[in-house]
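Asker: Take a look at the letters that make up each chain.
There are 4 protein chains.
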Amino acid sequence: MAREVVYTVNVEFGDCDPAKIVWFPNFFRWIDAASRNFFVQCGVPTWTETEATRGIIGTPLVDTKAKFIAVATYGDTLYIHTSIPEWRTKSFVQRYRVTKDGDTIMECEEVRIFAGKREGGGIRALPIPEDIRALCD
Amino acid sequence: MAREVVYTVNVEFGDCDPAKIVWFPNFFRWIDAASRNFFVQCGVPTWTETEATRGIIGTPLVDTKAKFIAVATYGDTLYIHTSIPEWRTKSFVQRYRVTKDGDTIMECEEVRIFAGKREGGGIRALPIPEDIRALCD
Amino acid sequence: MAREVVYTVNVEFGDCDPAKIVWFPNFFRWIDAASRNFFVQCGVPTWTETEATRGIIGTPLVDTKAKFIAVATYGDTLYIHTSIPEWRTKSFVQRYRVTKDGDTIMECEEVRIFAGKREGGGIRALPIPEDIRALCD
Amino acid sequence: MAREVVYTVNVEFGDCDPAKIVWFPNFFRWIDAASRNFFVQCGVPTWTETEATRGIIGTPLVDTKAKFIAVATYGDTLYIHTSIPEWRTKSFVQRYRVTKDGDTIMECEEVRIFAGKREGGGIRALPIPEDIRALCD
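Protein chains in written order, with my numbering: chain U, 6 to 142; chain X, 6 to 142; chain V, 6 to 142; chain L, 6 to 142.
These aren't lab readings, by the way, just hints derived from the structure by calculation. Incorrect hints may appear among the rest.
For chains that are exact copies, the list does not tell them apart, and a pair is met inside one copy or across any two.
Stated by the list, open to error - Pairs of lysine to aspartate or glutamate residues, derived as DMTMM-like cross-links and limited to a Cα-Cα distance of at most 25 Å, are as follows:
{"#": "1", "residue 1": "Lys70", "residue 2": "Glu124"}
{"#": "2", "residue 1": "Lys105", "residue 2": "Glu135"}
{"#": "3", "residue 1": "Lys70", "residue 2": "Glu54"}
{"#": "4", "residue 1": "Lys72", "residue 2": "Glu54"}
{"#": "5", "residue 1": "Lys70", "residue 2": "Glu112"}
{"#": "6", "residue 1": "Lys70", "residue 2": "Asp136"}
{"#": "7", "residue 1": "Lys122", "residue 2": "Glu112"}
{"#": "8", "residue 1": "Lys105", "residue 2": "Asp136"}
{"#": "9", "residue 1": "Lys95", "residue 2": "Asp106"}
{"#": "10", "residue 1": "Lys72", "residue 2": "Asp136"}
{"#": "11", "residue 1": "Lys105", "residue 2": "Glu54"}
{"#": "12", "residue 1": "Lys122", "residue 2": "Asp68"}
{"#": "13", "residue 1": "Lys70", "residue 2": "Glu56"}
{"#": "14", "residue 1": "Lys70", "residue 2": "Asp108"}
{"#": "15", "residue 1": "Lys95", "residue 2": "Asp136"}
All values derive from a computational prediction rather than experimental measurement.
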């Protein structure tokens, strides 16, 4: 079974919109932090370090789908259960389940790549680094 | 064919991350603004007004999927082509195509609802308001 | 001496700009959360509750000044030391000192009010609620 | 008299908080964009370009003070009147006046520097580039 790492979020006043619920782009902010935190907890160095040593500048998103099941508001504590259920040749699937008081309120599944800089600007997908994969499995 | 409204975004320095490309949650910020702008351009009043007159507090997201095709950076101008290709009983599909220099760099398709407040907190889906639908078609 | 509450921030990749340092508006995001957290730690209820029971919708900002002393980047942990050194008739001063590895990297001093809704839209300053002040001193 | 450049902001739903007014850190987001826009309108190239050609990575903030005079909400259009009233040896003052319907609702005055990278991480203040100053005066 894939390793799971939990990232904790305290929902703040400013994360909520005039309807008094979390403004949804903030979920993606937290999911991106949970994605990064997953690698940190698995022992992967910062992207600043990997950029210098091997040209990996980060793990940008290629594709995402998300389902919003119940709302959250400020004062709530959310837990983002994060895993990588699937590795492909040049991409991987990262999965998130956000819970509040034990209930799942949001689910998200992404495809991400390990990116390097492309000559002339922009980024390109690098092959999955086997040592990083080994740390995360 | 469904009506299309275009929302323009000037990408700013602070919208970009250390990899010098747009940090993806910002795309969802803009898409939410494009969603709202669509209704404004169709003549739908503010949610503050609709809340007072008929209990509609907004159109929160139920479901979203997005594909990131090419990157953008600060200085770029993006155009978000927005439409509602499908109306259901208590929800609707809103679609976005983000272009830069004529190329599609991101696509997104959402399911949203018209929401009212639920007794005791939270929100609930209201039936699609026929007059608002008529304005948007 | 005024009570001090510490709010902890883990700086994320997306909080940083193309110069690889925290994009400064994020400091104000965190400071607003630290402001709110100060009241929570002192036992003040949520603004949703105070709005229902006594018309206080929050503590909006009137005035702020801040000094940026050193930069932070993702992976850093910041501590926001928060206090209310001064109470006035219809406003109060809230002070923040942000530290990283024991060094002060940012300082901020704000004037805030307890706000209620004004007839016809907008907000107005309410007299300092003595019971809330007593909780915070 | 110092040159003035106006930056326009359309306030969106997601820019507002549960009190239905603009969440103040968003003002700093817009002010940072207005700061950058000022240089763009004056003909200064992107920081990506200046970093490559002369080591200038941007104009980070050293010091800011702001006054919030009246609130704004979604649907409002704001105009940020931006100028550089003062140049110092290694820093400059940038001033902002935000108007809505002809009234000033926020004022801000910053000290910024032209920054280069420092050996071993972090940034350092560069002398004011005279050619950039000439473009902005």
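Asker: Taking the hints in turn, state whether each one holds.
Answerer: Here's how the hints hold up against the structure:
In the homo-oligomer, the alpha carbons of Lys70 and Glu124 never lie at most 25 Å apart, since the shortest distance is 30 Å inside one protomer and 30 Å across protomers. In the homo-oligomer, the alpha carbons of Lys105 and Glu135 never lie at most 25 Å apart, since the shortest distance is 34 Å inside one protomer and 34 Å across protomers. Taking the shortest Cα distances, Lys70 and Glu54 never come within 25 Å of each other, neither inside one copy (30 Å) nor across copies (32 Å). With identical chains, the CA atoms of Lys72 and Glu54 are never at most 25 Å apart, being 34 Å at best within one copy and 28 Å at best between copies.
Proximity of Lys70 and Glu112 under a CA criterion of 25 Å is satisfied in both settings, with 8 Å inside one chain copy and 12 Å between copies. For the homomeric pair Lys70 and Asp136, neither the shortest alpha-carbon distance inside one copy (28 Å) nor that between copies (31 Å) is at most 25 Å. Taking the shortest alpha-carbon separations for Lys122 and Glu112, only the inter-copy value of 23 Å comes in at or below 25 Å, while the best intra-copy value is 31 Å. Proximity of Lys105 to Asp136 under the C-alpha cut-off of 25 Å is found in neither arrangement, the shortest distances being 34 Å within a copy and 31 Å between copies.
Proximity of Lys95 to Asp106 under the C-alpha cut-off of 25 Å is found in neither arrangement, the shortest distances being 36 Å within a copy and 27 Å between copies. Taking the closest pair of Cα atoms, Lys72 and Asp136 never come within 25 Å of each other, the shortest separation being 32 Å inside a single copy and 28 Å across copies. For the identical chains of this complex, Lys105 and Glu54 are inter-copy neighbours only, at 20 Å across copies versus 34 Å inside a copy, given an alpha-carbon limit of 25 Å. In this assembly of identical chains, Lys122 and Asp68 lie within 25 Å of each other by CA distance solely inside one copy; the values are 19 Å within and 32 Å between copies.
Neither within a single protomer nor between protomers do Lys70 and Glu56 lie at most 25 Å apart by alpha-carbon distance, with minima of 28 Å and 30 Å respectively. Taking the closest pair of Cα atoms, Lys70 and Asp108 come within 25 Å of each other both inside a single copy (19 Å) and across two copies (22 Å). For a Cα distance limit of 25 Å, the shortest separation of Lys95 from Asp136 inside one copy, 14 Å, qualifies, whereas the shortest one across copies, 46 Å, does not.
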